[in-house]
Structures are given as structure tokens and as C-alpha cells.
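Colleague: Each chain, written out:
There are 2 protein chains.
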Amino acid sequence: MNEFSLIQRFFTSGGVSRDDVVLGVGDDGAVVRCSPDQEWVMTSDILLAGRHFPKATTAYDVAYKALAVNLSDLAAMGAEPAWASLQLVLPEADERWLSDFARGFYELAKGYDLQLVGGDTVRGPLAVGLHLCGGVPTGKALTRGGAQSGDLIYVTGSVGDAALGLGILQGTIDLAQNHHPQLIHRLNRPTPRVQEGIVLRDRASAAIDLSDGLVADLGHILSSSGVGANIELGRVPVSDAYEAYLQGGGDWAFALSHGDDYELCFTLPPEHAVAVQEDFASLACPLRQIGTIEPGAGLRIRQMDGSLYRSDRRGFDHFSQ
Amino acid sequence: MNEFSLIQRFFTSGGVSRDDVVLGVGDDGAVVRCSPDQEWVMTSDILLAGRHFPKATTAYDVAYKALAVNLSDLAAMGAEPAWASLQLVLPEADERWLSDFARGFYELAKGYDLQLVGGDTVRGPLAVGLHLCGGVPTGKALTRGGAQSGDLIYVTGSVGDAALGLGILQGTIDLAQNHHPQLIHRLNRPTPRVQEGIVLRDRASAAIDLSDGLVADLGHILSSSGVGANIELGRVPVSDAYEAYLQGGGDWAFALSHGDDYELCFTLPPEHAVAVQEDFASLACPLRQIGTIEPGAGLRIRQMDGSLYRSDRRGFDHFSQ
Numbered sequence: 000m001n002e003f004s005l006i007q008r009f010f011t012s013g014g015v016s017r018d019d020v021v022l023g024v025g026d027d028g029a030v031v032r033c034s035p036d037q038e039w040v041m042t043s044d045i046l047l048a049g050r051h052f053p054k055a056t057t058a059y060d061v062a063y064k065a066l067a068v069n070l071s072d073l074a075a076m077g078a079e080p081a082w083a084s085l086q087l088v089l090p091e092a093d094e095r096w097l098s099d100f101a102r103g104f105y106e107l108a109k110g111y112d113l114q115l116v117g118g119d120t121v122r123g124p125l126a127v128g129l130h131l132c133g134g135v136p137t138g139k140a141l142t143r144g145g146a147q148s149g150d151l152i153y154v155t156g157s158v159g160d161a162a163l164g165l166g167i168l169q170g171t172i173d174l175a176q177n178h179h180p181q182l183i184h185r186l187n188r189p190t191p192r193v194q195e196g197i198v199l200r201d202r203a204s205a206a207i208d209l210s211d212g213l214v215a216d217l218g219h220i221l222s223s224s225g226v227g228a229n230i231e232l233g234r235v236p237v238s239d240a241y242e243a244y245l246q247g248g249g250d251w252a253f254a255l256s257h258g259d260d261y262e263l264c265f266t267l268p269p270e271h272a273v274a275v276q277e278d279f280a281s282l283a284c285p286l287r288q289i290g291t292i293e294p295g296a297g298l299r300i301r302q303m304d305g306s307l308y309r310s311d312r313r314g315f316d317h318f319s320q
Numbered sequence: 000m001n002e003f004s005l006i007q008r009f010f011t012s013g014g015v016s017r018d019d020v021v022l023g024v025g026d027d028g029a030v031v032r033c034s035p036d037q038e039w040v041m042t043s044d045i046l047l048a049g050r051h052f053p054k055a056t057t058a059y060d061v062a063y064k065a066l067a068v069n070l071s072d073l074a075a076m077g078a079e080p081a082w083a084s085l086q087l088v089l090p091e092a093d094e095r096w097l098s099d100f101a102r103g104f105y106e107l108a109k110g111y112d113l114q115l116v117g118g119d120t121v122r123g124p125l126a127v128g129l130h131l132c133g134g135v136p137t138g139k140a141l142t143r144g145g146a147q148s149g150d151l152i153y154v155t156g157s158v159g160d161a162a163l164g165l166g167i168l169q170g171t172i173d174l175a176q177n178h179h180p181q182l183i184h185r186l187n188r189p190t191p192r193v194q195e196g197i198v199l200r201d202r203a204s205a206a207i208d209l210s211d212g213l214v215a216d217l218g219h220i221l222s223s224s225g226v227g228a229n230i231e232l233g234r235v236p237v238s239d240a241y242e243a244y245l246q247g248g249g250d251w252a253f254a255l256s257h258g259d260d261y262e263l264c265f266t267l268p269p270e271h272a273v274a275v276q277e278d279f280a281s282l283a284c285p286l287r288q289i290g291t292i293e294p295g296a297g298l299r300i301r302q303m304d305g306s307l308y309r310s311d312r313r314g315f316d317h318f319s320q
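Those protein sequence lines, which keep their order, are chains A and B. The first sequence: position 162 = 161 (numbering that gives the first Met the number 0), numbered continuously. The second sequence: position 19 = 18 (numbering that gives the first Met the number 0), numbered continuously.
Any given hint might turn out to be false.
Which copy is meant is left open, so a pair is good if it fits within one copy or across any two.
Stated by the list, open to error - Below are the SDA-like pairs computed for lysine to any residue, each with C-alpha atoms no more than 20 Å apart in a straight line:
| no. | residue 1 | residue 2 |
| --- | --- | --- |
| 1 | K109 | V273 |
| 2 | K139 | V24 |
| 3 | K109 | Q176 |
| 4 | K54 | A101 |
| 5 | K139 | S34 |
| 6 | K139 | V21 |
Just so you know, the hints here were simulated from the structure itself, not pulled from any lab data. Quantities reported herein were computed from a predicted structural model and do not represent experimental measurements.
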């Protein structure tokens with residue numbers, strides 16, 4: 000099986016066929032048509048085996064996670080997914096692995112009407128690069144840069160589970176067995192908050208997805224917006240499993256400073272709070288207000304007793320050791 | 000130096016600032032605006048050290064080649080370059096390497112008004128992934144699929160030099176020293192035929208860039224178009240250096256079956272031949288008609304004596320051994 004048949008066999012069909020794709024996989028490039036009243040959001044991420052996912056991760060989960068991570072970036076911009084391009088670096092052309100990978104990819108892609116329009120496969124140490132495009136009405140893209148003093152800070156879902164899941168796989172976390180499946184699921188199959196991002200378009204003043212950790216990612220909003228924030232540690236949303244971890248002597252580091260949860264963190268002018276909470280309830284997406292934007296620079300994390308919590312880890316950084 | 004400052008330091012400015020970029024590097028995604036009368040061509044390629052370029056290649060040349068390879072795909076579609084997104088996998092955050100890489104990238108990008116709008120840097124074995132978007136007037140993108148019996152087949156520039164350059168670096172080719180610099184230059188800094196692709200928009204019936212070798216890439220045009228072809232070996236354009244290699248006992252394999260030259264191969268209805276030759280002369284781009292499209296499937300390569308040449312190698316395939 001050669002490169003050309005690989006691409007054609009697994010990645011030219013997948014049940015998604017968009018009207019705005021003039022030419023899909025199989026030429027030197029794809030050709031797409033844009034709506035005149037839209038702008039386009041483009042995002043890309045590359046995931047390496049052993050760095051962004053454990054080497055033992057199934058092909059299905061590798062595909063699912065790589066796509067979810069990129070969809071999450073579109074979500075953070077309020078964009079609706081449209082087209083994807085895939086770079087696959089593979090140690091060998093294993094048909095079964097590829098078939099599983101394609102299943103994981105299309106399982107998620109179909110739900111968002113995302114069409115794979117291009118790709119490239121090369122031999123090398125396992126890595127998955129994706130480039131996604133999504134649409135937003137002109138001028139409506141969410142950015143990190145609009146938070147203002149007085150805005151409320153929200154986080155979707157819960158944070159820290161992906162880090163616990165990784166710790167369980169690596170044998171560094173001791174937690175009751177009954178929590179394991181849920182945590183490993185959250186590590187391998189994060190839920191991109193695409194519909195939630197779309198709902199936030201006309202309301203949120205700033206948004207980001209939690210890939211590097213709450214402290215680091217909220218920090219990006221603060222520096223881009225030129226503001227500071229006060230958050231309450233007791234309001235940071237964690238799962239029952241994470242609560243059990245805390246009860247057993249675990250600390251907040253995973254919830255605050257490890258990424259990989261792909262929840263959204265955003266800021267809202269207070270007048271939008273009720274409407275957004277209602278919309279999120281109808282999407283069945285848990286939502287928690289964790290603090291407030293303040294004029295003074297810096298992030299202040301208050302514990303239950305009112306004292307300041309000091310976070311040592313500043314988020315995942317690929318070039319720090 | 001961490002991931003965030005790496006990206007910002009080297010890749011947020013580079014002298015290109017397009018009006019249609021609403022938001023560039025630095026958020027979860029870039030935001031761009033499309034013209035209503037255009038379609039967009041998207042292409043991506045990933046290059047791995049030791050596979051797509053020798054490990055000793057300078058950072059400047061790695062960047063130059065990675066971008067040229069992707070620009071060449073846009074050229075083959077007749078698209079005008081617009082936006083780029085970069086995935087950089089680096090063994091370490093070496094400032095000097097990055098500075099050289101950025102110089103090589105922008106040297107080429109500036110000439111095509113291509114703006115880098117997004118990127119991602121991660122630690123790992125050296126690799127460069129690029130995703131490019133370019134514009135074409137609606138319905139005008141060139142594809143591989145329109146060649147018809149009677150069309151003339153053309154190749155730009157010359158083929159085989161990049162393969163000779165690689166052979167020289169690897170010490171497997173014996174050729175007079177005076178040819179070395181030119182051949183190594185063609186390996187490291189291919190010339191994407193972007194203006195030539197634009198000129199072909201309303202004339203060529205099919206086009207492809209020569210990344211896998213003439214036999215394989217022309218083969219893609221033939222299979223996509225459902226036709227065959229007859230080419231004359233004596234008309235395949237090669238450089239003086241390649242002529243010297245042939246004189247010294249070398250064969251046609253590099254010119255026919257090794258890629259990496261990034262010239263264009265295209266087919267023209269005969270009525271467009273004169274106008275295209277004139278346009279290419281004004282672009283100072285060498286152009287050679289090498290054969291004709293025929294109804295019968297398959298590629299026939301005729302030698303000077305009229306006999307058929309048999310090509311063993313079918314083009315570079317990342318998964319064949």
C-alpha cells in the first residue's frame with residue numbers, strides 16, 4: 000500500500016460532504032467557497048506521540064483527541080467548523096491502525112459537519128497535525144483581548160480531570176478504581192465546546208480554551224486585555240473524582256496549572272450573565288462563575304479563608320524542562 | 000525562553016501585513032476576510048529532517064524549502080498566496096536557529112505577499128508543517144483532471160537537479176565541482192512557479208507540480224483526466240549539469256523519477272500554445288513541450304531512436320521501502 004492509496008482509501012470519504020467544498024482531497028490543494036458575510040477562523044495544532052498523548056493511546060483516541068483539540072480552538076473563537084486538513088506522520092502504513100484512526104476522526108467530524116479536504120502522510124515518529132477553518136459572521140469572532148474591569152469570569156465543565164487521567168496511566172496518581180474510566184476518557188476524548196462558543200459570540204468580551212491550564216490561559220486573557228483578575232479557589236469547578244483526589248491529600252495544581260481539559264474560559268459583562276446561563280443550561284453544559292476582572296494587573300487566587308493561593312506552575316510549556 | 004515568547008519573538012512580524020487579515024498570530028486562531036468573487040485553495044505539507052531535507056541543512060534553507068514546497072502547490076492550482084500557518088517541531092529552543100529560520104521564511108514570503116497568521120511550536124525531532132491558503136477567481140482553479148487528447152504537455156525549468164544535488168551531498172554522485180553549488184542550491188531553494196501558475200489559469204487544461212517526479216506526477220494528471228500520453232525523452236528539459244552527468248554515464252532516472260524539483264507540468268490545448276509561450280518568455284521562465292496527450296491510457300516515453308524507454312522507479316513514495 001503506497002502513500003497515494005493510503006490517503007484515498009481512508010480519507011476521501013467519511014460521510015461529510017459540504018456544499019462549499021468545490022474540490023476535496025486528491026489534487027495539489029483543496030478549493031473552497033466562502034460566504035460573503037462571513038470571516039474565517041484558521042487554527043492548527045500538531046500532537047506528538049509521547050508528548051501530547053501517551054504512546055499506548057489507541058488510533059481511534061489519537062484521532063479523536065487531535066481533532067477535539069483543534070475544534071476547541073475554533074470554539075474559543077466562536078467559529079463554526081467547516082474544513083480540515085490533516086498531516087499524518089506514521090512509523091508504518093498499518094491498515095488496521097489507519098482504519099481505527101479514520102473512525103475516530105469521522106466520529107467527531109460528522110457531528111460538526113467538518114469535511115476533510117486535504118492531507119499528507121509521511122513516514123516518521125507518530126504525530127498528527129491538523130489545520131481547521133471555521134466561519135463566523137463578520138466582526139463576531141471572539142478573542143482574548145476584550146475583557147474589561149467588572150466582567151465576570153466563567154469556566155465550562157470541570158478542570159483537572161485530564162491531568163488526573165494521565166497520572167493514572169503513568170502510575171503516579173493513587174485514586175479509587177471506580178474513578179479511572181471517566182478520567183482516562185476525559186484525557187483521550189475531550190469535548191470541544193463548539194456550540195457554547197457560538198452562543199457566546201455576541202456576549203463574551205473575551206474567550207480562550209483551556210489547553211495550557213487555567214492559570215496560564217486566563218493569564219493570556221488578562222495580558223491581551225490589559226487587565227487583572229480575582230478568582231476564588233473554592234469556585235473552580237472540579238469533578239467528583241477530583242474532589243476525591245483532594246480529600247485524599249491531592250492539591251489544586253492539576254486543576255489550575257495542567258492543561259488538556261479543553262474547557263472554555265471566558266469573560267462576560269454582567270448584563271449578559273442570565274441569558275448565557277440559560278443558554279448553557281439548554282446545551283446541558285455546566286458553567287461556573289469563578290471570579291471577576293479587575294483593573295490591576297495580575298491574577299489573584301483567593302482561598303476559602305480569604306488568603307492568597309500561590310500557584311507555582313504556570314501552565315504547560317513545550318520548551319521548559 | 001518559553002513557547003509563547005518564541006512564537007511572538009520570531010513570528011509575529013516579518014514585514015508582511017495584508018488588509019484581509021483581521022487578526023494574526025497570538026490568539027486561539029487567526030481571522031481572515033475573503034473576497035466575494037474568489038475561491039480559496041488550501042494546501043499543506045510537512046517536511047521531516049533526514050527524510051525531506053538532509054539533517055545538516057541550514058535553518059534558513061529548511062524554512063525556505065518548506066515554504067517553497069507549499070507555494071509550489073498553490074502555483075499548481077493557479078492560486079495567489081495569501082495566508083500561512085506554521086507548525087514547528089524543534090529539538091530545542093535555539094534562538095540563533097530560529098532567527099535564521101525566520102529570515103529564510105520571510106525572504107520568500109515577502110515576495111509573494113504571504114502573511115504568517117498562526118503557528119504552533121512543540122519539542123520533538125525537527126519537522127516543519129505548513130498550511131497555506133491562496134485565492135483564485137471563482138471557477139478558475141487549475142486541477143489535474145482536465146487534460147484532453149491532443150493537448151500539449153509542458154514542463155517548466157529543468158528536472159533532476161535536486162536529485163543530483165542530494166546525491167552530491169550524500170557522496171553518491173561523482174560530478175565536476177563546478178556544478179555543485181548550482182545543484183545544491185536547487186535542492187535547498189526550489190523556485191515556486193507562482194506567477195506562471197497564475198498565467199495558466201485560463202489556458203491550461205490540467206496542472207501539477209513536480210514533487211514526486213515527472214513520471215509519477217504526470218501519471219496523476221493522466222489518471223485524474225482519464226487519458227494517456229506520449230513524451231519524448233530527448234525533449235525532457237535538463238540543466239547543463241545534468242547533461243554533464245548523462246555524458247559521464249549517468250541515466251535519466253533522477254530526471255524522470257525523483258521529485259523535489261517543484262517545476263510545473265501542465266497540459267495546454269494547442270490554440271493556447273503561442274500565447275503561453277510568450278507569457279512565459281516575459282516571466283523569464285524556461286518552458287519545454289515534451290509530448291502530447293493521447294486517448295489510450297498509460298504513459299509512453301520514446302527515446303531518440305523511437306523505442307520505448309522503461310522507467311522502473313515510479314516516484315517518491317513515503318511508505319514504499
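Colleague: Would you mind marking each hint as holding or not holding in the structure?
Modeller: Hints versus structure:
Within a single copy, K109 and V273 get their C-alpha atoms no closer than 32 Å, and across copies no closer than 48 Å, so neither meets the 20 Å cut-off. Taking identical chains as interchangeable, the C-alpha atoms of K139 and V24 lie at most 20 Å apart only when they sit on different chains, with a minimum of 18 Å there against 30 Å within one chain. Taking the closest pair of Cα atoms, K109 and Q176 never come within 20 Å of each other, the shortest separation being 33 Å inside a single copy and 57 Å across copies. Taking the closest pair of Cα atoms, K54 and A101 come within 20 Å of each other only inside a single copy of the chain (18 Å); across copies the shortest separation is 32 Å, beyond that limit.
In this assembly of identical chains, K139 and S34 lie within 20 Å of each other by CA distance both inside one copy and across copies; the values are 14 Å within and 18 Å between. Within a single copy, K139 and V21 get their C-alpha atoms only as close as 26 Å, which misses the 20 Å cut-off; across copies the closest is 11 Å, which meets it.
Of the numbered hints listed earlier, those contradicted by the structure are 1 and 3.
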